[in-house]
Amino acid sequence: MSEEHLKRGASQWSVGWRRFRRNKSALIGSAIVVFFIAVAILGPYIAPYPARSYLPLYEGEAGTPPSFKHPFGVEDSGIDVFSETIHGTRNDLYVGLAASLITTLIGVALGALAGYVKGAVSDILLGVTQVFFVIPVLLLILLFARVFSFLVFKGLGLTLIVLILSFFGWSSIAFIVRGETLRVKEMEFIQAARSLGAGSFRLLFRHIVPNVLSSVIVVATLNIAGFILTEVVVSFLGFGDANTSTWGLLLNEGFSLVRTDWWVSLFPGLAVVLCVLGFNLMGDGLSDALNPKLRE
Amino acid sequence: MMKEKLLEISDLRTYFFTEAGVVKALDGISLEVDKGQTVGLVGESGSGKSVTAQSVLRIVPRPGRVVDGSIKFEGEELLSKPENEMRKLRGRKMAIVFQDPTTSLNPVYTVGKQLTDILMLHRELTKADASKRALSLLERVGIQEPEKRLNAYPHELSGGMKQRVAIARALSCEPTLLFADEPTTNLDVTIQAQVLELLGQLQKELGMTMVMITHDMGIIADMTRRVTVLYAGKVMEVADTPAIFNSPRHPYTEALLKAVPSVRQTRALEVIPGNIPNLIELPAGCVFHPRCKYAKDICTKDEPPLEKVGDGHYTACHLWRELNLEGRTG
Amino acid sequence: MIPVFLGVAILTYGVGSAAGSPLDLIRVGLRNPNPAVLEALTHYYHLDQPAWLRFLYWLWDLMHGNLGVSISGRPVASQIGAWALSTLELQVLALILSIVIGIPVGVYSSKHQYSKMDYAITTTAIFGYSMPTFWLGIMLIIILSFNLGLLPGSGAVSVSYYWWGNPVLDQIAHLILPTLVLTYVNLATIVRLVRANMLEVMRQDYILAARASGLSERTVTYRYALRNAVSPVVTIIGLGFGAALGGAPALETTFSWPGLGYAFTQAALTLDIPLVQGITIVITLMVLIANLITDLTYALLDPRVTIG
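Chains as they are written, first to last, in this note's numbering: chain A, 1 to 296; chain B, 1 to 330; chain C, 1 to 308.
Keep in mind that the hints were calculated from the coordinates and are not lab data.
It should be emphasised that the depicted structure is a prediction, and the values quoted were computed from it without experimental measurement.
Every residue gets a Cβ at the ideal spot worked out from N, C-alpha and C, and that includes glycine.
Please note that the accuracy of each hint is not assured.
These stretches of chain A come out as covered by chain C in the derived footprint (C-beta under 8 Å, 3 or more residues) [unchecked claim]:
#1 126-133
#2 226-235
#3 255-262
#4 267-273
#5 277-289
Work out the full structure: start from the sequences and follow the hints.
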């Protein structure tokens with residue numbers, strides 16, 4: 001590597017950042033994500049109608065196809081699809097980001113522990129991960145959502161989904177982190193650090209985890225996409241909170257109107273596709289940037 | 001008597017067209033190999049040694065390709081041959097032994113299958129005959145209990161055995177020209193000598209011409225008659241092996257010689273300072289000048305041409321006349 | 001494998017019980033329950049026993065093929081067969097199609113990296129797994145079924161008249177849209193995976209060595225490279241199939257496809273716990289079998305792996 005690379009900083013992160021910047025699709029994905037985050041933050045201020053509002057009904061515009069006034073059309077009940085999609089952005093992003101954050105924290109903690117300690121903890125974790133691999137996770141999520149739905153009236157609808165998703169979703173990260181920890185643990189620089197007197201805790205957090213981090217970031221980002229998709233399925237099937245605007249709920253309502261009001265199914269669906277695409281592109285870009293194996 | 005030239009490479013340029021830029025792996029090298037000789041190709045990692053072998057067989061992996069020059073094998077120009085004719089030559093008339101036998105053998109096929117595949121392809125033998133021949137090949141390269149190894153998978157063999165298998169594979173159709181690309185670098189020191197000895201034996205038996213690619217001057221001294229020194233895709237010096245050792249005429253060669261330890265070592269090993277240059281942006285003038293302790297002004301401006309300094313001895317250095325370079329006698 | 005199965009069983013049973021005892025649900029259903037009837041039912045459902053004993057009773061019944069009785073009164077086991085077949089019909093067909101199409105496309109894409117075709121393929125693939133499967137189904141139903149009337153948009157068989165003339169063609173007609181959607185989404189993953197693995201394998205030394213031996217490009221790609229590239233794909237396909245078996249609800253609901261996913265959704269919404277538990281167990285079994293097949297196939301393909 002030439003001198004200038006040394007000057008600019010050759011750490012894994014700065015090299016990765018440069019690679020990321022040069023990756024067209026990664027940038028497109030990031031732009032999409034930023035766009036959706038912006039919509040989520042500005043949501044209530046830019047949406048023409050409040051969440052779950054039937055106002056258009058009183059304006060005599062229920063069930064109308066897309067028009068200048070209602071870009072995404074109006075449901076038969078009077079709900080403006082454009083506004084609902086905007087409101088849904090905030091909620092769906094909340095679910096995706098929150099679930100990903102929680103599963104990452106739990107997964108990293110348990111995975112690193114299992115990989116480092118070995119023995120009973122590791123075996124139990126493996127066993128649990130195996131169970132989660134085999135069970136039809138989606139079905140159990142649906143079941144849990146239905147069974148615990150009595151909590152929803154307190155306004156905890158979305159958070160319930162987040163918790164359920166997290167409960168079922170941490171095992172994949174834990175499994176990966178455990179594998180990576182095992183791999184890094186055997187590397188020479190760890191033995192070197194240990195020979196210099198570093199204790200277990202220090203080893204774990206100062207040396208091992210940072211090296212495992214790159215895989216974690218990639219998986220966490222891709223998980224956001226997955227969690228959003230799962231939320232959409234859950235709400236679509238009617239297991240979500242009927243009082244919270246989510247894309248899945250829109251699709252659910254659209255499905256009952258599918259013969260007449262195609263716009264209720266099309267636009268929220270496009271929003272989902274675009275948002276998930278954004279996170280997927282970003283996650284792929286991160287993967288390429290931090291683990292350059294498949295380029296060239 | 002004019003010795004027959006088996007391989008003549010002229011002004012070969014092989015570039016890799018990557019996203020980061022054009023990597024000039026070989027930038028105008030010339031090389032000649034007489035029939036029956038063992039010739040050395042020496043240089044650090046990244047000097048273009050392996051790419052040379054790949055270029056001759058025309059298997060340079062994407063995004064690289066040969067962009068200019070001429071490669072004549074047995075008098076015929078290889079670069080203009082159609083692909084199906086090249087394929088007839090590969091493995092049959094010319095072969096490569098690769099550096100790392102752990103990665104050069106296909107992990108999902110048995111040793112026997114990898115050998116018989118080639119035998120059946122080039123020799124049109126039946127499966128039974130090919131298996132017999134594979135067995136005798138394994139014996140020839142010194143593998144014990146060859147019947148067992150025939151049905152073994154590469155991961156079941158030790159490093160030394162794997163390399164013997166790789167040699168057997170390369171030699172299966174008795175090629176005229178063999179490229180040995182760092183054949184011992186990835187092996188234990190104790191096994192290295194054995195494998196080198198094996199190669200030497202086989203070369204004599206089969207009357208093969210061998211190009212020994214290595215970074216180890218010790219191997220050059222032991223096994224080669226003539227050697228070409230490569231650096232950053234360019235030829236630095238070419239000479240008979242004794243001449244290179246006794247009177248090197250290029251600072252890089254001198255540095256390489258100084259970096260090899262010997263038993264009678266009295267002075268400290270000298271490390272060549274710096275790193276090989278970025279092959280996308282080669283230095284102006286002489287490619288070696290940034291690391292050369294003798295570099296003068298002209299070295300930074302003009303690329304030195306290959307000049308004759310003696311019988312069969314050429315060097316690419318502006319200053320060879322003035323410099324009194326140290327050779328090795330040990 | 002057994003501990004895993006037990007773990008799943010406990011989880012399923014636990015959640016089911018949390019939904020409330022069957023007795024409450026029945027009580028809600030019947031206006032003036034006869035105390036004798038209640039007593040009999042209590043006894044039948046072992047409701048007077050402690051929880052862990054009930055669990056064991058349930059497990060015991062399970063071993064004997066008794067999956068309990070749904071709220072509707074019909075035994076779970078009798079209906080599951082038909083549902084399972086419907087789901088499998090769809091999933092297996094889509095799986096086969098996506099493998100048969102996906103592997104060649106993935107190989108092609110990897111050999112022509114950076115070409116326009118490659119970009120088109122990878123882009124289509126990325127869209128494929130960024131969209132909710134069922135939504136694609138809805139869109140196709142709207143366009144092809146409602147607007148153009150080309151294909152049926154619901155059910156596995158028709159009720160009143162046969163599409164395209166006869167019962168067999170009718171079944172095929174119904175299969176087309178859901179299979180199309182499922183295949184496309186499966187393809188997305190497979191193509192990406194095959195492409196990525198092939199790219200990595202083709203960079204290996206043994207491929208260079210194979211070329212150096214004079215083997216044809218075809219042999220090198222399909223016999224030497226693909227054999228190595230396909231093993232991890234098999235694992236992912238196996239896992240994916242497992243997930244697909246359980247992920248059927250949304251797709252099946254969209255097409256009113258009478259499979260396990262659809263049945264589960266209805267059962268869960270109405271809190272028909274025995275049915276829920278029964279379906280979950282059956283699907284888990286199917287997934288375990290699928291995983292077993294995957295492991296065996298993987299061991300066959302990669303000699304470095306030993307079974308056990």
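Outcome of the hint check:
| no. | hint | result |
| --- | --- | --- |
| 1 | 126-133 | holds (count 5) |
| 2 | 226-235 | holds (count 3) |
| 3 | 255-262 | holds (count 4) |
| 4 | 267-273 | holds (count 3) |
| 5 | 277-289 | holds (count 4) |
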